[in-house]
Each structure stands twice: as structure tokens, then as C-alpha cells.
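S.K.: Put chain X on the given structure of chain V with help from the hints.
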Amino acid sequence: MSIFSTKKSWINLTIWVLIIAFIIAAPSLLPVFRLNLLGRYLSLSIVALGVDLIWGFTGMLSLGQGIFFALGGYCAAMFLQLNSAGEFPNGIPEFFGLYGVEKLPFFWEPFKSSIFTFISIWLLPAIISGLLGYLVFRNRIKGVYFSILTQAALLVFFNFFNGQQKLINGTNGLKTDVTQLFGQMVGSEIMQRWFFWISAILVILAWFFARWIVRDRFGNVLIGIRDDEARVRFTGYNPVIFKTIIFSIAGGLAGISGALYTVQSGIVSPQFMTVPFSIEMVIWVAVGGRGTLLGAILGAVLINYAKSLVSEALPASWMFIQGGLFILVVTALPEGVLGWIRKDGPKKLLFLIGINKKLETYPSLEVNEQGEVKS
Amino acid sequence: MTSPLLELKQISVSFEGFLALRDLDLVLNQGDLRAVIGPNGAGKTTFLDVITGKVFPTKGDVIFKEKSLLGQKEFRIARKGIGRKFQSPRIFENLSVQENLALSVSRPKTPFSLLMNSLKVKHLDQIQHLMSIVNLQSKANIRAGALSHGQKQWLEIAMLVGQDPDLLLVDEPVAGLTDEETDLTADLLKSLAGDHTVLVIDHDMEFIRRLDCPVSVLHQGHVLKEGSMSDIQKDPLVIEVYLGKSDEGEE
Numbered sequence: 001m002s003i004f005s006t007k008k009s010w011i012n013l014t015i016w017v018l019i020i021a022f023i024i025a026a027p028s029l030l031p032v033f034r035l036n037l038l039g040r041y042l043s044l045s046i047v048a049l050g051v052d053l054i055w056g057f058t059g060m061l062s063l064g065q066g067i068f069f070a071l072g073g074y075c076a077a078m079f080l081q082l083n084s085a086g087e088f089p090n091g092i093p094e095f096f097g098l099y100g101v102e103k104l105p106f107f108w109e110p111f112k113s114s115i116f117t118f119i120s121i122w123l124l125p126a127i128i129s130g131l132l133g134y135l136v137f138r139n140r141i142k143g144v145y146f147s148i149l150t151q152a153a154l155l156v157f158f159n160f161f162n163g164q165q166k167l168i169n170g171t172n173g174l175k176t177d178v179t180q181l182f183g184q185m186v187g188s189e190i191m192q193r194w195f196f197w198i199s200a201i202l203v204i205l206a207w208f209f210a211r212w213i214v215r216d217r218f219g220n221v222l223i224g225i226r227d228d229e230a231r232v233r234f235t236g237y238n239p240v241i242f243k244t245i246i247f248s249i250a251g252g253l254a255g256i257s258g259a260l261y262t263v264q265s266g267i268v269s270p271q272f273m274t275v276p277f278s279i280e281m282v283i284w285v286a287v288g289g290r291g292t293l294l295g296a297i298l299g300a301v302l303i304n305y306a307k308s309l310v311s312e313a314l315p316a317s318w319m320f321i322q323g324g325l326f327i328l329v330v331t332a333l334p335e336g337v338l339g340w341i342r343k344d345g346p347k348k349l350l351f352l353i354g355i356n357k358k359l360e361t362y363p364s365l366e367v368n369e370q371g372e373v374k375s
Numbered sequence: 001m002t003s004p005l006l007e008l009k010q011i012s013v014s015f016e017g018f019l020a021l022r023d024l025d026l027v028l029n030q031g032d033l034r035a036v037i038g039p040n041g042a043g044k045t046t047f048l049d050v051i052t053g054k055v056f057p058t059k060g061d062v063i064f065k066e067k068s069l070l071g072q073k074e075f076r077i078a079r080k081g082i083g084r085k086f087q088s089p090r091i092f093e094n095l096s097v098q099e100n101l102a103l104s105v106s107r108p109k110t111p112f113s114l115l116m117n118s119l120k121v122k123h124l125d126q127i128q129h130l131m132s133i134v135n136l137q138s139k140a141n142i143r144a145g146a147l148s149h150g151q152k153q154w155l156e157i158a159m160l161v162g163q164d165p166d167l168l169l170v171d172e173p174v175a176g177l178t179d180e181e182t183d184l185t186a187d188l189l190k191s192l193a194g195d196h197t198v199l200v201i202d203h204d205m206e207f208i209r210r211l212d213c214p215v216s217v218l219h220q221g222h223v224l225k226e227g228s229m230s231d232i233q234k235d236p237l238v239i240e241v242y243l244g245k246s247d248e249g250e251e
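So the sequences go chain by chain: V and X. The first sequence maps to residues 1 to 375 in this note's numbering. The second sequence maps to residues 1 to 251 in this note's numbering.
Hints were generated in silico from the structure; no laboratory data involved.
Beyond 10 Å from chain X on every Cβ pair, some chain V residues (computed):
hint	residue
1	R34
2	G97
3	G100
4	E109
5	F116
6	I119
7	Y134
8	F182
9	R193
10	W194
11	L202
12	N304
13	L314
14	I341
When the alpha-carbon atoms are kept at most 30 Å apart in a straight line, the in silico DSS-like pairs for lysine-lysine are as follows:
hint	chain 1	residue 1	chain 2	residue 2
15	V	K348	V	K8
16	X	K139	V	K347
17	V	K142	X	K54
18	V	K8	X	K120
On a predicted model such as this, the values are computed, not experimentally measured, just so you know. Glycine residues also receive a C-beta, built at the ideal position from the N, C-alpha and C atoms.
Excised from the complex, chain V in its bound form:
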């Protein structure tokens, strides 16, 4: 199967050309405020890719991806806070003074190193999701129980982070926009432009990575687990290992996403671990197209962009629109927008409203030179 021979690939290629053209044009077209929003949404599409890997491909609906997203954000924020803490009393971040803390908590120490931070942004969430996943999958917890469990874990983390003023400033979170990086304010225009570029590049890299994972037999085992886990087992595969790996990968992607989102929104707080936010991640993927990696990216970017536009015009109505969108997709487009396009949805729609006449013909048979039908 060559890469650009199928129709699916043409749709993909078209969308990619549009995306890349838009990304390249965006910095000169959009004011920095809009560019910053777009950068944030691009970073959110990385967590959506992870949700798609575990839900769209492997069939595990996690409602707790906010945990890993927030962990990545905290890693980045701790580094940035330490990086600009020199002028404060005791040489530690300012907020510690509010609670009378004079010595840096031990787990902050390694975040003085930029290398440690860059690794921990993805590795820490990946390890935690891997451990959590392993315990859950080993006990064959799946379906709705898995979803409930991940949501419960999310609430545990949320409440824990909320209560730790002396360690991580509790419910106030850690601000990053007034911190320094490479001698620049993180919230400055030039830094935000850079973060936009980094987000854009990382989205594309994350897509290639996810694509590499699902394109061959490993991905087929994941689909097999989604469709019939017992058969996978009787074929000689251990589903626990596969599920743990993919859940860990999704956690790592969530961490990267959270770190990028944090530096572009200027703060990380336990709000990243609220229940609705993690559910929204699932909605992006459902609307964009479950099991289509590109759909996850499009869903995350477009829904969030729509959210900010609608919220500016009609502040109270976004939740209704989002809920309506979700219901519409679940009932009318169960495979999401991209899945619908790939399955000739637009053609069928034109037929329904009477514009297109011929919908389907018999498949043409393959014939050889003698005009005989090949078997």
C-alpha cells in the first residue's frame, strides 16, 4: 500500500497542507493575543492525541487525563519559578513567603536543572500513568469501571494539589508569565511567539509518533484489544502490557501538552484537574473523529477556537453549544467529523438534500485482458 494512493490519504494530505499553511501564515496574520490562543489550542491537541490513542484505538475511555496534563504543567512551572527566584527572600519562589516556608521543599530541588525538567515533563506523567494503568489493567478492570476509576483518581489528585499551599501554592497555582527564561519574561510577546512555534512543531512530531505507533501490527493489537480482548489473549498476546504501554504514552503526551499550555496561559493550577476539563478532552476527540489521529488534532483546535469566539460574543452560551455539539456527534456522526468525511458523508448529505443524484454504483469488478472476472 503506497502512502498516497488511497482516498483517505488524499483527505489527510489536503488537511495537512491547510494546517501547515495556516501555521506558517498565522504569526504574520494574527495579533499576538490570537496567536497565543492558537498556540494553546495546538498544545491541547497533543493531549487529545493521547486520548485518541487510548480511547479511539484501544477502547479505554480515560476521564483522568487532566492528572498527567497538570503534572507536566507543574514540572515546567516549578522550573520557571526557581529560574527567577534569585531576588526573593531565601532565594526561593515568592509564594513560599506567604506561608512562612523558608526552605525549599525537597522535591523542588531537581527542578533547578533544565535538563531534569525537560525530561520530567513527559517522563514523570508517563511513569505515573504507567503504574496506575498497570495496576488497573492487571486486575482486568475495563469499560465503565475504568472510566470511573480514572475520574476518581483525578479527584484525588485535584483535592491533594488544592490543599498543598506550603508545597505548591495550593489552589492558587504557580504563575509562569512573570518568570524569566533566557533573560526574557515568559509572558512577553517574543517568548509567546516562540512558544507558538514550539507547540506547532511538537504537534506535528506527536502526530508522527502516534502514527508510527498505530500504523502497523502494534496498532492492530490495540484495535484488537478494543474489539475483542479475549481473542487477543488467545492469540498469544498479553493485553496488560500493551494497555500499560499505550496508557503510559498517552500520559507522557498529556504532560508535554500541559507544559506547553502552562507557559502559554501563564499559570498552572489545580484547575487543570477539574472533572469537566478532562471530559472536554474526550469531547474534542469524539467530535474530531475517534480513531483518526488528525481528527483529534482538528477537534481540539477547532472546538477550542470556537469556544473562545463564542465566549467573547455570547459569554453564557458556550456550555450549551458544546453539549449540543457532543449530542449531535454521538447521534448523527458517531465516527466524528473526520470519520464522516472519510466515509463519504458529504456525498451522502448532498444526496439527502437532493443535489447529488447518483449515490452508489455496483463496485466495478477487476477484469483481466480476456475480459474475465478475476477471482
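M.R.: Positioned in the frame of chain V, the structure of chain X alone reads:
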């Protein structure tokens, strides 16, 4: 081979007091083809569940290649060389025929090897060979869910063979097949015996007769009788519990 390939010793399985299997003994030698018949609820499927590690027996032992299988995980038992075909065809409907077979022939079945290595040439050849056995070459790139019922059954059998097992456990392979397909399936299973050991469970008497092999009759979780099809059909006890109570012994 002096010792048997598979030996079930005094297996009992009880589900909350109900005895699904009762002191079941069964011996299969290398290369055997064996049919197991029995009325509904005789414990046929439970007995496969015990061998493949899905159900844990309350009593008794399962010996495969001189080692006990008890307490082993399902995927490990599968890797040791026991393949199982389920009652209704269970294939990966969203994968193509070729991809289904690729998962079955891949070795080793570890995540790392699946990600890093592409399918070996000998495995690609094996896939072609398997598709030719079950006549699915022309459907290689078709989604397995789009196959007909009979083709799905065959694909599952091909997947089973692709695992290269020593023992094939085949549960009702001809349910819902046409007569012609049934005959072809019987021939296919007969051709597999010898290289593999095959255990077939079914209701269809014509099919079992066509297999032309020793038959074990299961009744209330116990082996009632073993012998050739013609012996079995003459046995008054079997006639009473299974073939119907009339003296004619008609199906």
C-alpha cells in the same frame, strides 16, 4: 512420542455448587483428530475453558507436553501451543484479512518486536499460504467484518493454524455454514490432523461422521462413551441421553 500431548485428569468444575464438569478424563496423543459431542449443557465449552486457562478447575489437573497448565495465564497457554476457535467466529472485524493473519503468525508476540521489526518474509509467505488454504487470497485487503459468515469461520481457523499450535481446539466450526462449506471444513480439519492435534466440538452429526475419527460423548460433565461414530450410534446409553430416546437412534 510416548507420552500423550494432552491429558485431563479427573477434572471437576463447579459453578456455585453446580457441577459443570465431573471427574472428566481425556487423553489426546500427538496427531490425533478427536470429536467431542454432547447435548447442550454437557460441559463442552467449559471443558475448553479449562484447557485454555479461562476457567480454573475445582479439582484435577491438565497436563500438556508433560507439564501442568493449571494457573497459567491465557496468553502463555496460547504461546505454549494451544490454539482455540470460539463458537461464534471471533476475528478482528476492523482489521483486514491479512492483518488478522499477521497478528496470528507474528513471533515473538512482544510489544517491542511489533513496533521495531517489520513482518519477516517467512511470515509473509505463511500468510499467503494460510489464505490459500482457506481460499481467501482475493480478500486479503478486505475488512474481516465484511466477510460472509463461512469466510469468517475459515479466517478464524486460518488464524488458529497461523499460531502454529500443537493442539487446536475447535468449537462448533460449522455452525451456520452451508452443506458445501461444512464438507470443506471437515476436509480442512482432517488435513490439519497429523501435523497438529485437533479436537473438534460440534452438534452436527453429518459433520462428525465426515470427520471419521474417534468420538467422545460428553454428558453432564462426564465422558459417557468413547469410540468410533458407528459404535457410538449403537450404544443404548448414548442413544438414550443424546441421540433421542427412540430405539431407531435417528437424529
